[in-house]
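S.K.: Please take these sequences and the hints and turn them into a complete structure.
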Amino acid sequence: MQTTLLGLAIAFIVALVAALIGPYFIDWNQFRPQFEAEATRVVGAPVRVAGKLDARLLPTPSLRLRSVVVGGANDLGKVRADKLDVEFSLGSLMRGEWRADELTINGMSLDLGLDSQGRVDWPVSSGKFNLGSLAIDRLNLTGRIALHDATSHGTVELNDIAFSGDVRSLAGSVRGDGNFMLSGTRYPFRVSSGQSVDGNGTRVHLNIDPGARALSVDLDGVLSFESRAPRFDGAIVLAIPAGLKAQGDVPITPWRISARVKADPASARLEQLETSYGAEERALKFTGLGEVRFGASPLLRAAISARQLDADRFAAKDTGAAEPLRLLPVLRALTAEMPQAPIATQIELNAEQIMLGGRPVQNLAADLRSDTRFWTIERLDFRAPGATQLSLNGAKAQADLSNFTGALSVESSDPDALVTWLQGRSDVSYRSKKPLRLQGNVTMASGRVAIESMKAEIDGGGVEGRVALASRQAGGSRFDAELKGERLDFDAVAAFARSLAGPQTEWPDEALVSLDIDRATSAGQELQPFVAKLGYGPNTISIDQFRIGIAGGAMLEGWAKFNRADATGKLALNSSAASVSQITALLAPFAPALASRLDGIGTNPGPAHLKLTLDVNKNSQKADRASARAVLEVAAPQLNGFATLTAMPEVAALRGIDLDALRRSEFSFESKLSSDHGRVLLAVLGLDRTVASTEVPAQFEGSVTGVWGAPLRLKAKLSGTGLDAEVQGTAEPWAAEPRASVNVSVRGVSFAPLLDLKPGDALAQSMNLSSRVSLTRGKVKFDDLDSAIAGSRLRGRVAMTLDDERNVEGEVGLDSLDLAPAFALAIGAAGHDMAEPLGTGLLKGWRGRVVFQALRGVLPGGAELRPVSGALKSDGQILSFDTIKGGIGGGEATASVDAKQSPNGIALNARVQLAGVDGSALRYRGMAMPAGRASMQLTLSSQGRSASALAGALSGTGTLTLDSARVAGLDPRAFDAAIRASDNGQATDDSRLRQIIDPVLSAGALSVRSAQIPFSLG
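Residue numbering for the sequence shown follows the working numbering, starting at 675 and increasing by one per position.
Honestly, the hints are just simulated from the structure, not real lab data. Check before you lean on any hint, since a few could be wrong.
Lysine-lysine pairs mimicking DSS-like chemistry, simulated, CA-CA at most 27 Å apart [as the list claims (entries may be wrong)]:
(1) K1244 / K1285
(2) K1547 / K1559
(3) K1207 / K1235
(4) K1559 / K1453
(5) K1547 / K1453
(6) K1455 / K1518
(7) K1432 / K1391
(8) K1518 / K1574
(9) K1158 / K1235
(10) K1432 / K1389
(11) K1346 / K1389
(12) K1559 / K1432
(13) K936 / K919
(14) K1574 / K1547
(15) K1346 / K1391
(16) K919 / K959
(17) K1389 / K1285
(18) K1453 / K1391
(19) K1296 / K1235
(20) K959 / K936
(21) K1235 / K1285
(22) K1518 / K1559
(23) K1292 / K1391
(24) K1518 / K1453
Treat the numbers as computed from the prediction; the structure is a model and nothing was measured.
M.R.: Structure, rendered in structure tokens:
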């Protein structure tokens, strides 16, 4: 027994050793025919192993094949593998079954072809497929697959495939994942498959996830073959998920296309087609049908529609606020961002209503075409706000350059509403009552917009030509325009152009403009003609032709030529007319400020000339500087003079038109003006509402020197009879908060217009004033104020803010103050007749408090207060003379007065008190109070629109108290004299009695120890 067991052990050991080392001594290549025959039986097609063949039994049964080919020599479709490794299940082999624990195929190359009938060119089968006889648990595969279509002569090749998954049976289910390269882009994928319910096909579920390309594909359906022709019935979803970003961290607009698909080699029908473009909560969604035609000329046709879309919500930012949408940029952006289809595409799109720019766009119909390179809008029609029919035909967008071209046609019955919509505004900024028509070929790109062969009727004017604005990759931009027409409104054209293309924030680097308009309108002024040809570029700035005129014969002509390389050049403009008014009308559209100043010359007839010259030459002393000199000469019947501006700017700044550097150049400005009529000069200087005009000769001289943006030194002098003023100091008008500090001196000037007085009013005549005036932080200060007004000297300080509140505070002192004229000036009665309506005076337009004090205050009738003080206050509605105090007759007088506007004019309320005043000091002209001490309390009120109305409506009550008073001309002894005369018979009549009593009555006085007298007015 022991011998038997020992023999079996030795045999087992020998067998085990043979299994371990035996395969290394066996030439497996001699069994190649057997392996190829068995593989051919399983696959059903010829299998040839051209490379090395190796097998192992332990530790696991394995088979290694090199250079395996499936298919005959003449087969169009072949399967090749550089390396095939199989690890078999030992238990299954011992049961006579082929079961692979793991199959690894490296370097696989599969070429499949579709013939002209759509059938798959698979290697010729020598028998029936017997894939079910082989079971595989794990499959690893690398290689390539190519599909060749005989009809279209096209090839789709998947390279660098890597797959790993579980395979229950090659004829059964497969589940795994991997990735492949297609057209240089790697795509990760997941796949699963299994037998269909009826067993006639394979159910396939393929997921392609976003990888290097932000695209996901989900394909789920049944794949079957009929006479080797593939059929597919299922669903497909193509999408770019939300949240993905391109290079530069730029968000990618998400989109999604889903459909039910029934496909065969000839075509595919797309049912239940749904498209979505944009984020889910605000996407543009369409539904419809589609069809794909395969073959030599593949084509995708689709018809999609929507009842209502919200483009404003689609274009809204993350904040939810929608910006104004501009038509052409939006169309260019939409066509440029549309994903390019891999085959030619035709899309019919319809929408009943789209909310765009806050207004509904109706009946949109569009035909889109793509040839895999361009998207073309064959037709785009819709009805826009303003009863506008807009059409765009043949619009093409190039995928790589985002170019957009098309023929545009616009017909609008209400241009107001159209332009308001285009600008994204709620108010109407462009007003026209005439229809608008525009036709032209539009080209737009990321840096270019152009309208060629343009014909337009805008606000009743017609023009034709071309307009283009381009931005170059080097950073430069160019504007070209060539327009010709009989009539054109520049304001209307500018407003409409800004609406279509959007406002330009900067001037282009180059421009060439040619305009030839018989009648042009600008700022309401008609120009006949308007001819201009001008341009600028890196080397030159030129005005080859410039000629404009107005009705009546006024003409403005000029030319210019500047060389930017050496910073030299010249400009000349000349204008002549039969009167100054024609020149101002000509200049109004281009220089409204200058025209308004020249309007002050008046309409007196006589030829007028205006000449502007600008010379820029090399600086002989500084090579890096240029010498620039501009002269404006004015010659008119009532005004002559000139203004000269000189500067030495940097040559480099002139070459580059560097405005910031040019502003840093020091300049000098001088001006001299003279007129035989002072009022004309004052009007030109803008002083006619401050200083009273004169008809005598007057002269003005002024100068400003400094650097733009820095403090400027300024001088100005105005001279003439009744005109003598000087200003000298510094100013910074360019600062964020303008600042200035100047010394002002005025002598013998009438400020009647400023004070709303009549020219002959004594209060405004021959006024002298000097002060140190400063402007800081929006506040004007008059320090060291010294003035002579109506023979009285005024000193002090006053400060006023320039905001809407106009806060005023100050302190002034006077030698003498005439209270009645001052009060009349404050309430607007000065300078007006008694019956005339009151002016504004000081009732409105300011807030604050000004304290005043005078050595002498003159009351109406000649009484005086010595001294007198008080405050003038205003809260913007009520003007108050507060805490007025003054000494009079050894006592004190106090008063307060309030004035405010009311529906019936000015309402006045006053309170007056007298305490311990000598009655003789209280007088009005020839009348006076009795001698003694007087006290009084008085309240007054009135209301009216004129001074006479205020006087007539004056009412009030008061109480007068007299202490130790003597009433002159009232001697009590007159009663005794009258009695004696009566007793003696001397008073024979009233006349005789009067003769007897009068001498006695006037010889003495009535002594009153104390008396209280109530009284009322009105």
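S.K.: Looking back at the hints listed earlier, which ones does the structure fail to meet?
M.R.: Hint check: 4, 10, 12, 13 and 23 fail, others pass.
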